[in-house]
Every structure is written in structure tokens, then in C-alpha cells.
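**Q** Spelled out from the first residue to the last, the chains are:
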Amino acid sequence: AAGVIQSPRHLIKEKRETATLKCYPIPRHDTVYWYQQGPGQDPQFLISFYEKMQSDKGSIPDRFSAQQFSDYHSELNMSSLELGDSALYFCASSFRKGGQIYEQYFGPGTRLTVT
Amino acid sequence: GNSVTQMEGPVTLSEEAFLTINCTYTATGYPSLFWYVQYPGEGLQLLLKATKADDKGSNKGFEATYRKETTSFHLEKGSVQVSDSAVYFCALSTGSGNTGKLIFGQGTTLQVKP
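Chain order of the listed sequences is A and B.
Under the numbering used here, think of the first position of the first sequence as -15, with each following residue one higher.
Under the numbering used here, think of the first position of the second sequence as 4, with each following residue one higher.
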């Protein structure tokens, strides 16, 4: 079965640079979530989109922005990178039906290292 | 606010031992509860879920029962294998006004020795 695809899988950037992470949800899934997992920590919710509109916002820095496109893929844009942004970034997708939100399926993650 | 608390790890067991990983939650409304597993270097995989009180989620020999009276969702397995070694995350998704975002516990590392 098709899974959530994230690219790139690994990314190395220097401080103050920008990075773009991409997420391709499972076909027919209409909702995308972004999470950040620091070393040895639990995933923290950043932002989510439903039908191309932002549906919820968590602890996402102002330096980050995201959007969901007409084909439902999503991009997380990160600017003025800091050492503390080094983490594993997960994308997850799900779908809604009859007002119910079904479980999230996670991609393999993008490991961002800021030097 | 909403939160999830898991027992601290690492939990080290011998193969075929009984496993319990405790998870308690604080939430408004009626959350859905999940266990996710993360193998080394990999993403999060949904292990099991329960959406209402007294529901039992089960998968691959793992079980967890949604206990509203004790606000708990403890993970159990009768006989662990070396291949079960991973980090286990308990998570909730809130009910009313639910946008689906997950709130995770801090994770519990399980090490199973042959």
C-alpha cells in the first residue's frame, strides 16, 4: 500500500540558511500534519492543513511557514535556520469522513542538521 | 491542558517476558487514544488505537484498554520478542473541536534481550 512520502530524507544546512521539506500524503488523504522530534524527545505538533486550508497551529516558530497545494502535497519552509532546529521532521496524513477524523499515518521523516 | 504521561524507560526484558508500559492522560472532552511504535532510524507506526471508553485496541499481540475512570491506556503484551525492541509512544487526539493533532507522551524505550 502507498505510504506517506517525505523528501529529502536527510538535509544539512548552515545557520541562517533556508530549507524546504516536502510531504506527499497517502492518495485520497485530505489532511496533512507536521511534527518536529528533537533528539530523544517526543514529537511536537507544528501545523496542520485540511483541504488546503490551515486547520490548526502548534508550536511553530514564526521563521517557519507551510502550505498545502492543490494536489494535497505540503511543504514546510524554514528560514534563518538555527542550531536548535536540528531535528527529525515528520509529516503525517489522514482523511475525514462524515465529520470523523481517521488515524494518522506517518512518513519516514526528514532529518535536518543545522551546522 | 491536554497531556500524556508515560512510565520512564528504558524497560529491559528477557524474551518471552510479560510487558506493561503505563500511560495516563489528562484531556478535556473524549479523546481518542493511540500507541505508536518507532523502530531505530524509522518513522512512527500506528500500533493500536481506541476511540471510546472500555474499547480495547489490539495488534501483533499488543493490547491496550481505554479506561476512563483511571484515565489510563496501558500497553501490554504477553510474550515479548527481540524484534519488539523499539520506542513506544502513547498519544491522544482530543474530542470536541478535534482537528486531529496528536499529543504524545515522552516515549518509553523497550529493550528485549535474547
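Treat the hints as calculated values from the structure; they're not laboratory data.
On a predicted model such as this, the values are computed, not experimentally measured, just so you know.
Just to be clear, a hint being listed does not mean it is correct.
Below 20 Å or equal to it, Euclidean Cα-Cα: the simulated PhoX-like pairs (lysine-lysine) are [unchecked claim]:
#1 B:Lys116 - B:Lys71
#2 B:Lys59 - B:Lys71
#3 A:Lys81 - B:Lys71
#4 A:Lys81 - B:Lys52
#5 A:Lys41 - A:Lys6
#6 B:Lys63 - B:Lys52
Just the calculated beta-carbon pair ranges, DEER-fashion [what the hints assert, rightly or not]:
#7 A:Thr99 - B:Glu11: 50 to 56 Å
#8 B:Met10 - A:Gly(-13): 28 to 34 Å
#9 B:Lys59 - A:Ala(-14): 28 to 34 Å
Heads up, incomplete: computed chain B residues facing chain A, CB under 8 Å, no partners named [to be verified]:
#10 Pro43
#11 Glu45
#12 Gln109
Glycine included, each C-beta is placed from N, C-alpha and C at the ideal position.
**Q** Take the hints in turn and mark each one as holding or not.
**A** Now the hints, each set against the structure:
1. B:Lys116 - B:Lys71: With a Cα-Cα distance of about 34 Å, the restraint between B:Lys116 and B:Lys71 is violated, given a limit of 20 Å.
2. B:Lys59 - B:Lys71: Holds, because 12 Å separates the two Cα atoms, which is no more than 20 Å.
3. A:Lys81 - B:Lys71: 26 Å, violated
4. A:Lys81 - B:Lys52: 18 Å, holds
5. A:Lys41 - A:Lys6: Between A:Lys41 and A:Lys6 the Cα gap is close to 18 Å, so the pair holds against 20 Å.
6. B:Lys63 - B:Lys52: With Cα atoms ~13 Å apart, B:Lys63 and B:Lys52 stay inside 20 Å; holds.
7. A:Thr99 - B:Glu11: 50 to 56 Å: 32 Å, violated
8. B:Met10 - A:Gly(-13): 28 to 34 Å: Holds: the Cβ-Cβ distance is about 30 Å, inside 28 to 34 Å.
9. B:Lys59 - A:Ala(-14): 28 to 34 Å: Given about 29 Å between the Cβ atoms, the range holds.
10. Pro43: 12 Å, violated
11. Glu45: 6 Å, holds
12. Gln109: 5 Å, holds
The structure shown violates the earlier hints numbered 1, 3, 7, 10.
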